[in-house]
Amino acid sequence: MAPQPTGPSKLAQYSTLQHSFLTDVSDVREMEGGLLNLLNDFHSIKLQAFGKICSFEQLEHMREMQEKLARLHFSLDSHVEELLEDQRKCASEHKRHCSTQLTTFLSLPRS
Numbered sequence: 001m002a003p004q005p006t007g008p009s010k011l012a013q014y015s016t017l018q019h020s021f022l023t024d025v026s027d028v029r030e031m032e033g034g035l036l037n038l039l040n041d042f043h044s045i046k047l048q049a050f051g052k053i054c055s056f057e058q059l060e061h062m063r064e065m066q067e068k069l070a071r072l073h074f075s076l077d078s079h080v081e082e083l084l085e086d087q088r089k090c091a092s093e094h095k096r097h098c099s100t101q102l103t104t105f106l107s108l109p110r111s
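111 is the number that the working numbering gives the last residue of the sequence shown; the numbers go up by one with no jumps.
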C-alpha cells in the first residue's frame with residue numbers, strides 16, 4: 001500500500017509526483033507520435049493482429065464466419081422452440097383425446 005500524504009502541502013506534492021507523466025510534454029509527444037503511426041498503419045492495412053500469419057482479411061473472414069455461425073445458432077434455436085411448441089400442442093391434443101376416450105369409457109354401462 002502506498003504511503004498516504006499528510007497536510008495540505010504534502011498532498012499537493014504527492015499528487016504532482018503521482019501524475020507527472022501526464023504533464024511531461026516529451027512523453028505526450030512520444031505517445032502522440034506512436035498513436036499517429038498506429039493510425040497510419042491501420043489506414044494502410046499494415047497492421048497484423050497475430051503476427052505475419054494472420055492478416056486483417058483473414059480476421060474479417062473469421063468474423064464473418066462467426067456472425068454466420070451466430071445467425072445459424074439463433075435460427076436453430078427458433079426452430080427448436082417451434083418444434084417444442086408443436087410438441088406441446090400435440091401432447092395437449094393427445095391428452096384431450098385420451099380424456100375424451102376415458103370419459104366415454106367411464107360412461108359405458110358396467111356389467
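Keep in mind that a hint or two might mislead.
Computed list of lysine to aspartate or glutamate pairs in DMTMM-like fashion (alpha-carbon distance at most 25 Å, straight line) [to be verified]:
1. Lys68 <-> Glu81
2. Lys89 <-> Asp77
3. Lys46 <-> Asp24
These aren't lab readings, by the way, just hints derived from the structure by calculation.
To see whether the hints hold, each was checked on the structure:
no. : hint            : result
1   : Lys68 <-> Glu81 : holds, 20 Å
2   : Lys89 <-> Asp77 : holds, 18 Å
3   : Lys46 <-> Asp24 : violated, 30 Å
In summary, the structure is inconsistent with hint 3 from the numbered list given earlier, while agreeing with all the others.
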